[in-house]
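If you count the sequence shown from 1, position 21 lands on 21 in UniProt numbering, and the numbers rise without skipping.
To be clear, the hints were calculated from the coordinates, so they are not data collected in a lab. Note that the Cβ used here is the ideal one computed from N, Cα and C, for glycine as well. There could be a bad hint or two in this list.
Pair by pair, the computed Cβ-Cβ distance ranges are [to be verified]:
hint : residue 1 : residue 2 : range
1    : 60        : 97        : 35 to 41 Å
2    : 87        : 38        : 16 to 22 Å
3    : 56        : 79        : 36 to 42 Å
4    : 80        : 47        : 29 to 35 Å
5    : 32        : 61        : 42 to 48 Å
6    : 67        : 89        : 33 to 39 Å
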Amino acid sequence: MARKPKATSEPKPKPATTKPGHDPLLMRLAEQIGRGFGAERMRREAASLIQELKTSMDPDAVRDRLEEISEHLAAGVEATEEQACEIDSSSKSAKSVYDGTLAALKATHEAFARAAQSVAA
1 MARKPKATSE PKPKPATTKP GHDPLLMRLA EQIGRGFGAE RMRREAASLI
51 QELKTSMDPD AVRDRLEEIS EHLAAGVEAT EEQACEIDSS SKSAKSVYDG
101 TLAALKATHE AFARAAQSVA A
């Protein structure tokens, strides 16, 4: 029995902004931080991603995208800081993981916030 060929349809255009939690760039950053990447490594990762955005979009779109990412990262920093009271203060390893995660988040946020400000208005 022969299979019917799949109907081809035109690809749907991507929305200008993505739904929170479904942004591939933010998901990539979260995955890297979750894997234990340190602050310096995250600064380098952010610089690389920022450069990719700058070469693939016009300046207005880049600035908007960088601001959007920066806002999400700021919310992540705030949420992480609020979780500090939940860390077992007697556990040095838990405190170390928390401190590393917070430092990586802050470094990533600072990189994107600085880049958003540096893009000409």
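To see whether the hints hold, each was checked on the structure:
In this structure the hint that residue 60 and residue 97 lie 35 to 41 Å apart at CB holds, the actual value being about 39 Å. Under the hint 16 to 22 Å, the C-beta atoms of residue 87 and residue 38, about 18 Å apart, fit the expected range. The hint said 36 to 42 Å for the Cβ distance between residue 56 and residue 79, and at roughly 29 Å that hint is violated. For the pair residue 80 and residue 47, the supplied restraint of 29 to 35 Å is violated, since their beta-carbon distance comes to about 22 Å.
Checked against the hint of 42 to 48 Å, the pair residue 32 and residue 61 fails, with Cβ atoms roughly 24 Å apart. Between residue 67 and residue 89, the C-beta spacing of about 36 Å keeps the proposed range 33 to 39 Å intact.
Against the hints set out earlier in the document, violations occur for numbers 3, 4 and 5.
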